[in-house]
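Chemist: Work out the full structure, taking the sequences as your base and the hints as a guide.
Okay, here's what each chain looks like letter by letter:
Number of protein chains: 2
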Amino acid sequence: MIIIGEKINSTLKAARAAIGAYDADFIRDLARRQEEAGATYIDVNAGMFLEDEPERMTWLVNTVQEVSRAPFSIDSPNPKAIEAGLQANRNPKPIINSITDEKERYTAILPLAKKYKTSLVALCMDDKGMPETVEDRLRVADSLVAKLGDEGFDHDDIYLDPMIRPIGTGPEYGVIAIETIRLIKEKYPRTHIACGLSNVSFGLPARKLINQAMLVAAMSAGMDGAILDPLDKKLMSFVYATEALLGIDDYCLNYLAKFREGELEL
Amino acid sequence: MIIIGEKINSTLKAARAAIGAYDADFIRDLARRQEEAGATYIDVNAGMFLEDEPERMTWLVNTVQEVSRAPFSIDSPNPKAIEAGLQANRNPKPIINSITDEKERYTAILPLAKKYKTSLVALCMDDKGMPETVEDRLRVADSLVAKLGDEGFDHDDIYLDPMIRPIGTGPEYGVIAIETIRLIKEKYPRTHIACGLSNVSFGLPARKLINQAMLVAAMSAGMDGAILDPLDKKLMSFVYATEALLGIDDYCLNYLAKFREGELEL
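For the record, the sequence lines run as chains Z and D.
FYI, the numbering for the first sequence is 1 to 266, going by our numbering.
FYI, the numbering for the second sequence is 267 to 532, going by our numbering.
Rather than coming from a laboratory, the hints here were simulated on the basis of the structure.
It cannot be assumed that every hint is accurate.
Said to hold, decoys possible - Some, not all, of what chain Z presents toward chain D, calculated at C-beta under 8 Å:
1) E172
2) G174
3) I178
4) F202
5) L235
6) F238
7) A241
8) T242
9) A257
10) G262
11) L264
12) L266
Claimed, not checked - Below, simulated SDA-like cross-link-like pairs (lysine to any residue); rule was C-alpha separation at most 20 Å, straight line:
13) K380/D <-> V441/D
14) K474/D <-> K93/Z
15) K474/D <-> E243/Z
16) K474/D <-> G247/Z
17) K208/Z <-> K234/Z
18) K474/D <-> V441/D
19) K474/D <-> L253/Z
20) K208/Z <-> D422/D
21) K233/Z <-> L519/D
22) K474/D <-> E261/Z
23) K499/D <-> L235/Z
24) K500/D <-> L264/Z
25) K93/Z <-> A24/Z
We put the CB at the ideal spot given by N, CA and C, even for glycine.
Modeler: Written out as structure tokens, the structure is:
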């Protein structure tokens, strides 16, 4: 699984305070721990700082890359903040989180991805707004994969987000997300999936249980990437167990190693 | 989910001792607790008592039905023990666990299912032995569904067991089981699935984690029944969470009720 570590995000209270106070120790520690816990990418988001977002993004990237060589997920809808992060970046090929098929956002972000040769998280969303059905999502995925392909992006550089909506607001949204993942991976096997998982449980109690079930169901439908908290040992235990179950972890070697290291939480 | 409660089984140490000692209190308690915890069927197995199996089966059925009106899963490959259980049964329509497509076993057990008008757990296995591939399993499923249909069994009376094999002995066995379930439910939507889940984790550490992942993955592939321990609160929590996730539990009403009752274990 490709894990995009979500902890350095200004919408989270502790991270927001640390970014606000330029608390480099806190940020470095979060980066280091996420990388050690298995994060493939370190997400950095300074969106709550509004007009200061680009400057805080620069600081975040510089602070994180003092201690981590993990590639960044530059998380913003704001082209200025994205470019600030990309300019500062010295780590391997980053990912922009995210582009959509909304005309304005697509047009603003595409040139940055090309200029800095990044990968892209592409949300299955266009100017018609939040997609409702599986077909809506696939139509946007088709459009994004085709356009980004024409622009020279390899399928391997595209991380499609199926836009999981809360099951508390519509009982069909879990199945829609799972089915979207299955069909995307069937049609474009070399693209990746990057789900924001936790949205599925919004508004429900015992959310972790629903999130864990969603992780397993989505992985068994072909999800190979997710934006999640790699410091959540229980959730990561399900990543390893499900990889073993799906034969991605041949002969359970990684699962057994994680068990020996005391990393599996029952 | 159709839950076949597996606790009254002579291969389990505590149950074996209780059956050996005719400890009716112990058996009644196990039956009552499983039913309260959500068991649709109560499985009864006295297979470890060899030539005494029919007599112990009669005693089990009589003991359980003193306290529970849940239908039985009469669990034996031995026609004499099965008939002893069916003769004693006063509860609603039972299920025989199990028939296979092995000629001898099929021929011996079919007349009992017809005479006592039972449902059937049908293992995807024939005289060629344990199936290896998805295709092997579907070929047996096709044969069993066709033959049982000809004998007058409704699809709703057939519980197909895809014969899950341990992933520790073959990394592909998890995916094979999940894919078998998906294809069976696609082809025969009115038949049920009755998986023995825990076999998947045989030989591995932290087995519960793998079993929980298997439950979620199999349910998201269409599994609507399983032989499991309904007293395992964590496993049952995943049943409820996954039903909510898959929209089987409309607007999460049952999930919310279980949360309020303190039945969800994180």
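Chemist: Give me the numbers of the hints this structure contradicts, sorted from smallest to largest.
Modeler: As far as the earlier hints go, 4, 5, 9, 10, 13, 14, 20, 21 and 25 are violated by this structure, in ascending order.
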